[in-house]
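Enquirer: This is what each chain is made of:
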Amino acid sequence: MRVIRTIVKRELASYFTSPIAYVFLVIFLLMTGFFTFTAGNFFERGEASLAAFFGWHPWVYLVLVPAVGMRLWAEERRSGTLELLLTMPVATWQAIVAKFLASWIFLAVALALTFPAVLTVNVLGDPDNGVIVAGYLGSLFLAGAYLAIACMTSAMTRNQVVAFIVSVVLCLFLILAGFNPVTDLLVRWASPAVVDTVAAFSVVTHFDGFQRGVIDLRDLLFFLSVIGFALFATGVIIRGHRAG
Amino acid sequence: MIQIENLVKSFGAKRAVDGISFTVERGEVLGFLGPNGAGKSTTMRMITGFMPPSSGRVKVGGYDVAESPLEAKRLIGYLPENAAAYPDMTVQGFLNFAAELRGLEGGARKKAVNRVIELCFLHSVLRQSIETLSKGYKHRTCLAQALIHDPDVLIMDEPTDGLDPNQKHEVRNLIRELGRNKAIVFSTHILEEVDAACTRAIIIDRGRIVANGTPEELRGMSKLAGAVTLAARGATEEKLAPLGRVERLDGAFRIYPSDKSKAAELAQAVVDLVNHYGWKVEGMYSERGELDEVFRRITLPDTAAK
Numbered sequence: 042m043r044v045i046r047t048i049v050k051r052e053l054a055s056y057f058t059s060p061i062a063y064v065f066l067v068i069f070l071l072m073t074g075f076f077t078f079t080a081g082n083f084f085e086r087g088e089a090s091l092a093a094f095f096g097w098h099p100w101v102y103l104v105l106v107p108a109v110g111m112r113l114w115a116e117e118r119r120s121g122t123l124e125l126l127l128t129m130p131v132a133t134w135q136a137i138v139a140k141f142l143a144s145w146i147f148l149a150v151a152l153a154l155t156f157p158a159v160l161t162v163n164v165l166g167d168p169d170n171g172v173i174v175a176g177y178l179g180s181l182f183l184a185g186a187y188l189a190i191a192c193m194t195s196a197m198t199r200n201q202v203v204a205f206i207v208s209v210v211l212c213l214f215l216i217l218a219g220f221n222p223v224t225d226l227l228v229r230w231a232s233p234a235v236v237d238t239v240a241a242f243s244v245v246t247h248f249d250g251f252q253r254g255v256i257d258l259r260d261l262l263f264f265l266s267v268i269g270f271a272l273f274a275t276g277v278i279i280r281g282h283r284a285g
Numbered sequence: 067m068i069q070i071e072n073l074v075k076s077f078g079a080k081r082a083v084d085g086i087s088f089t090v091e092r093g094e095v096l097g098f099l100g101p102n103g104a105g106k107s108t109t110m111r112m113i114t115g116f117m118p119p120s121s122g123r124v125k126v127g128g129y130d131v132a133e134s135p136l137e138a139k140r141l142i143g144y145l146p147e148n149a150a151a152y153p154d155m156t157v158q159g160f161l162n163f164a165a166e167l168r169g170l171e172g173g174a175r176k177k178a179v180n181r182v183i184e185l186c187f188l189h190s191v192l193r194q195s196i197e198t199l200s201k202g203y204k205h206r207t208c209l210a211q212a213l214i215h216d217p218d219v220l221i222m223d224e225p226t227d228g229l230d231p232n233q234k235h236e237v238r239n240l241i242r243e244l245g246r247n248k249a250i251v252f253s254t255h256i257l258e259e260v261d262a263a264c265t266r267a268i269i270i271d272r273g274r275i276v277a278n279g280t281p282e283e284l285r286g287m288s289k290l291a292g293a294v295t296l297a298a299r300g301a302t303e304e305k306l307a308p309l310g311r312v313e314r315l316d317g318a319f320r321i322y323p324s325d326k327s328k329a330a331e332l333a334q335a336v337v338d339l340v341n342h343y344g345w346k347v348e349g350m351y352s353e354r355g356e357l358d359e360v361f362r363r364i365t366l367p368d369t370a371a372k
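Residue numbers (the working numbering), protein chains in the order written: chain A, 42 to 285; chain B, 67 to 372.
Everything labelled a hint here was simulated from the structure, so no lab data went into it.
Glycine residues also receive a C-beta, built at the ideal position from the N, C-alpha and C atoms.
Be aware that one or more of the hints could be misleading.
Unchecked claim - Each pair of labels, with its calculated beta carbon distance range:
hint: 1; chain 1: B; residue 1: N278; chain 2: A; residue 2: R283; range: 24 to 30 Å
hint: 2; chain 1: A; residue 1: I206; chain 2: B; residue 2: S121; range: 36 to 42 Å
hint: 3; chain 1: A; residue 1: F156; chain 2: B; residue 2: E137; range: 42 to 48 Å
hint: 4; chain 1: A; residue 1: L258; chain 2: B; residue 2: V74; range: 46 to 52 Å
hint: 5; chain 1: A; residue 1: S232; chain 2: B; residue 2: R81; range: 52 to 58 Å
hint: 6; chain 1: B; residue 1: R193; chain 2: A; residue 2: P60; range: 54 to 60 Å
What the hints assert, rightly or not - In the DSSO-like style, the derived pairs of lysine-lysine whose C-alpha atoms are separated by at most 27 Å in a straight line are:
hint: 7; chain 1: A; residue 1: K50; chain 2: B; residue 2: K177
hint: 8; chain 1: B; residue 1: K201; chain 2: B; residue 2: K176
hint: 9; chain 1: B; residue 1: K176; chain 2: A; residue 2: K50
In isolation and in its complexed conformation, chain B is listed as follows (with noise of 0.2 Å):
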């Protein structure tokens, strides 16, 4: 549904976007990561249609945004960064506004406002101008518009900044929801989010693609995938060493396997030396790793480096 070739976008000397490719297609829910001004929110935009790119192609459903942009953004619904509203409208008649522009008129139009209405719990304030809403009833007027047409492509830029724990999780599941039948690409910082709502994850620093896989393939780059912690009376760091590198934590061994492959083979070999020595058990884990030490190894020393 989108394909990226080469994007590139300057700003004066700045080069915020510089290269990326890639596709996504129906049915996938793309997280886009990285650090604040690693050029999330242009991508987005040149997605969209906003920001035209100084280099580049970005074809949407087979339309180039360039080149035919009213038929690619019908194809989009865009939530822009800090979920951007009319103030002194109110939420149904921003709705209704929203669906006018996209084409929607009589009937139709009062089936999809309903419709979004329902999916993102606006009964409670319909009739309320958006400026006096809360931040969450806010977001969610915005993220209704972006889904009022049903588009196949849904862009979301920073789709859960700025809501409580309660409305982070509606808002994934809806994500994971949505992204059965459509072509999902939204922008976060929050690392928990890769895992709650994306099928796949891209992580971009100073508008580079620095890594590109499904959840569990960055969190396999960790350097703490596949180790196995192991908290036991009566172990000792010399009886564990011929097993692979070991750390010494609070009270309990971190073991490192000699090779990322062989992390099956590690966890049993522990568990076979538990039973040699007979030590106590009190805890055991093999480790995932964690998406935070990725992201911060691909994307700390560049940035520090500013």
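The following block holds chain A by itself, in its conformation from the complex (with noise of 0.2 Å):
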């Protein structure tokens, strides 16, 4: 524990003295400030609800979680840190999870930046506050299934770029494969039963219940069970690096 909270506490300075931070919460709170009332149309839907700000964040996430977790373990191999921290006292799985820790914290610091939007909606109308705290909830964890991929394409390079762009190809195959265009085109020449099995790996599928207000437990173990996939595999491409 001591040594996860170590590592977690260095993660998050790093972030914040250096202005990754600052520019990704800017660009965040303005992307989610603008397709919440602009593209969204919140006025213009005459509810009171958080369904136009929820119902972008797979989309939002994303571009900027990718570019969150990017540098976790590329920036750590180029610059020959890595070796430094593996030959601590440190097990490689205690540095996977602290590391990916550090980063969820930056995530739903800055998601929880993005209060004024439950203000706004809480002034203007009588919103279920409880299904607010659900997307929340969803959005939190939606942002760490991302993550965890990212994490997983950054140990995969030392390139950062190369690790961004491999981890948001592999992050919009988790929303196509549940997004309706997609699902309707699949429609056409596939049995029920495989759209939904291609559908039920799909994090918008799991993603809307939360959005409902219903925090069901197979949704929760979808996205936990993704995170912890994808950090077990992150764990064997880096054993796989030094195996040589």
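Hints in hand, dock the two standalone chains.
Expert: Now the structure itself:
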């Protein structure tokens, strides 16, 4: 635990001592604001909910979360500090979990800074705040799933740009598998069972429940297993590099 | 403290380290020599547990690095190649981080950090971020990190690389000092460092140990060892010839002993000859042998073949 805490602290500090954190926060808040109020027709909807806000999250995260995660391992490998870190009395899994947690906490901070949206909707109407809490929870897990994938691709290469692109593509798959235009296309030639199986792999399908205020154990399990799998793969990749 | 048995590391078809065995005890400073790409860094990475060996075994302080990596790593301080450190951290922050990872907290951490700051002369740069440091300071910061828990075993990959002559001198003194009660392994390709800091040296080439001994023993392997160089007015090759093989140098002669164990007798014999003929001596040295020459002779044929 002590080791994990120490690494988390260092990682978080490194976000905030560089401009990355601030640039990210500003862009994230601008984008969520734009999508919610302009593209999402927040005011024209005439309903007191944050559906317009959460609905865009899978797409906003698609670009922004890999940008946060791409440096996690690629940077350590490029600068040689990976050797330093892993020759400390630190188990590989501790380092992986700690680095993931640090970035996840950072994303949680970014998400928390969207609180004006909650205030706005509460001032203007009388929303079901339980639904909003569920939405935030789902959004956090969604970000965690993307982040774990970015973590995995970051471990594959010492080039951050490659890590970014590969993780965007992988995350895009996770969206598209359950994206309506794609499932409509699939329905034409595949059996419903196949379509459902493919859609079950999509973050959109599992994020839907949270947006409606339903915290389903299966959805939670889905996000947790994506995170678990991607972090496990990260461990395998890092061990693989060293085994030569 | 360090026991290495038959260590092998292959990358694909290439064997970077090919059956290396040696031991290092407390109080020893082992110099690890070899041309670039000989397998020095790879060996060190296996000792520190960064890379698992393809076969063979590394034990540090009795712990097998593959089986109980955390226990072994606790005993080791490691200075990686190029002195890697987090560029965005300050020197102080970095040392605190290293101390915390080593399990030092509160007062113990403060004491440990202050000790290495003192030891590595880092006072003036404490609040600077590592990316703004000169190479010498960056190196010392990383060295400080390796010393922070006062380890029993110290592994250093080219600790003097990129330092200026004064800094090199300081680091060598530090290594010698620390070597009194630690087991130290450091790699270098600067041969004078072996004389300056090591109690023993190993030369490796293409993944194999080609020489292992004290600097004196290695030097003894030189063709030059025991030869006498004489610059004297009146001396001629013919008159010196009975003593051994004579080589004519620029204004001097070098006499090689027929047998290296007779080096002392040779020097005496040359002096007798000088007295006998009444030559006027301008200079006379007994050669100790050159590490350079030994190094080149045992590693060159192989590297040239590549």
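Enquirer: With reference to the structure, classify each hint as holding or not holding.
Expert: Checked hints:
{"no.": "1", "hint": "B:N278 x A:R283: 24 to 30 Å", "verdict": "holds (27 Å)"}
{"no.": "2", "hint": "A:I206 x B:S121: 36 to 42 Å", "verdict": "holds (38 Å)"}
{"no.": "3", "hint": "A:F156 x B:E137: 42 to 48 Å", "verdict": "holds (47 Å)"}
{"no.": "4", "hint": "A:L258 x B:V74: 46 to 52 Å", "verdict": "holds (49 Å)"}
{"no.": "5", "hint": "A:S232 x B:R81: 52 to 58 Å", "verdict": "holds (53 Å)"}
{"no.": "6", "hint": "B:R193 x A:P60: 54 to 60 Å", "verdict": "violated (20 Å)"}
{"no.": "7", "hint": "A:K50 x B:K177", "verdict": "holds (21 Å)"}
{"no.": "8", "hint": "B:K201 x B:K176", "verdict": "holds (25 Å)"}
{"no.": "9", "hint": "B:K176 x A:K50", "verdict": "holds (18 Å)"}
Hint violations for this structure: number 6 only, all remaining hints satisfied.
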